[in-house]
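For the protein sequence lines, the chains are A and B, in the order given.
The working numbering puts the first residue of the first sequence at 3, with every later residue one more than the last.
The working numbering puts the first residue of the second sequence at 493, with every later residue one more than the last.
If you are wondering where the hints come from, they were derived from the structure by calculation, not from laboratory data.
Glycine included, C-beta positions come from ideal geometry on N, C-alpha and C.
Hints may contain errors.
[Claimed, not checked] Below, a list of computed lysine-lysine pairs in the DSSO-like style, where the Cα atoms sit at most 27 Å apart: (1) B:K556 with A:K183; (2) B:K556 with A:K95; (3) A:K183 with A:K95.
[Unchecked claim] If you want the footprint, here are the derived chain B segments under chain A, 3+ residues with CB under 8 Å: (4) 513 to 526; (5) 544 to 556.
[Claimed, not checked] Restraint-style ranges between C-beta atoms, simulated for each label pair: (6) B:T544 with A:D116: 48 to 58 Å; (7) A:D116 with B:D527: 30 to 40 Å; (8) A:G76 with B:R571: 25 to 35 Å.
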Amino acid sequence: MDTPSDATLSTLDDEALVARTLAGSHPAFEVLVRRHTPRIYALSMGMMRNQADALDAMQDAFLNAFRRLDGFRGEAAFGSWIYRVATNACLMKLRKRRRRPEVPLQIGAPFGEDGSWERPTVDLAPRVDALFESKELGQAISLAMAELPEIYRAVFILADIEHQSMREVAACLDLTVPNVKTRLHRARLKLRECLSEYLAAESTTSVRSDSPTPSTRPGRATP
Amino acid sequence: MSDMMTCRDIFDEASSFIDGDLNPQRADSYRRHVDHCPPCADFHRSFTASITAAQVALATPPPKDLVEELTRGLMAQLRIAS
Numbered sequence: 003m004d005t006p007s008d009a010t011l012s013t014l015d016d017e018a019l020v021a022r023t024l025a026g027s028h029p030a031f032e033v034l035v036r037r038h039t040p041r042i043y044a045l046s047m048g049m050m051r052n053q054a055d056a057l058d059a060m061q062d063a064f065l066n067a068f069r070r071l072d073g074f075r076g077e078a079a080f081g082s083w084i085y086r087v088a089t090n091a092c093l094m095k096l097r098k099r100r101r102r103p104e105v106p107l108q109i110g111a112p113f114g115e116d117g118s119w120e121r122p123t124v125d126l127a128p129r130v131d132a133l134f135e136s137k138e139l140g141q142a143i144s145l146a147m148a149e150l151p152e153i154y155r156a157v158f159i160l161a162d163i164e165h166q167s168m169r170e171v172a173a174c175l176d177l178t179v180p181n182v183k184t185r186l187h188r189a190r191l192k193l194r195e196c197l198s199e200y201l202a203a204e205s206t207t208s209v210r211s212d213s214p215t216p217s218t219r220p221g222r223a224t225p
Numbered sequence: 493m494s495d496m497m498t499c500r501d502i503f504d505e506a507s508s509f510i511d512g513d514l515n516p517q518r519a520d521s522y523r524r525h526v527d528h529c530p531p532c533a534d535f536h537r538s539f540t541a542s543i544t545a546a547q548v549a550l551a552t553p554p555p556k557d558l559v560e561e562l563t564r565g566l567m568a569q570l571r572i573a574s
């Protein structure tokens, strides 16, 4: 049988490439790696937070995928399957590195008995927009992501960055869909809280004349 | 379910609202509350802005040399293992 050229291989769909890889073709697997690297990179960078660790996790992920390829049954798309392998590779690396037990995700929820806000809120949107221009956005988000326990980070990245469906995220992480939705909401709340703290810390170290005006209920004093 | 939502409800159901999981009546209640409650309007804007910020910050494509480095290293390991 003629060996297909790389150009021919890259026209094949994932399932055909998997079949060729299982038949012994490394070039077919290389095409799969190149094709899925961008998405796996985004996932790994979000989870590991630096390029060197992300690269390590990606190597592990693709090696694991190669070794377990005969277990890929085609019930899900290859892309979803490789996400699962890559997520597990990142989680294993993070758990090995973690010296302390994972701390439960704490979120401030300052509400009175009548369900109204007990403390003033601040509209972060204009100041988040300013982050885009100041190029500090990456640092702010990186610090916020570090506050998320690993599973919450994985849920957030798969759902909000990689735009996987709730069902796909649940399958990837062995969670129920309701579980995913709860964790996603808490991750988003924590992200907002961390950005708020980051921006508050930034504003105490820089001279600004346009501090945001907090909103309060009528009759409440502004701190 | 009651038509009236509290600020606590807005806090708890913000994801359900933006993900389209609320029924039309509840979604209307959410919108009406946010329209008339400045602290919740702040919260809602901050909530969605934070998600957008993360999407922008984390949507970086891999550097080309990283893709090459990854692929070369990987294929070399597979050749050794074969």
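Hint by hint, here is what the structure shows:
1. B:K556 with A:K183: violated, 35 Å
2. B:K556 with A:K95: Satisfied, since the Cα-Cα distance of roughly 24 Å is no more than 27 Å.
3. A:K183 with A:K95: holds, 25 Å
4. 513 to 526: violated (count 1)
5. 544 to 556: The restraint on the region 544 to 556 of chain B holds, since 11 of its residues have a Cβ under 8 Å from chain A and three suffice.
6. B:T544 with A:D116: 48 to 58 Å: Given about 31 Å between the Cβ atoms, the range is violated.
7. A:D116 with B:D527: 30 to 40 Å: About 20 Å separates the Cβ atoms of D116 (chain A) and D527 (chain B), which means 30 to 40 Å is violated.
8. A:G76 with B:R571: 25 to 35 Å: holds, 27 Å
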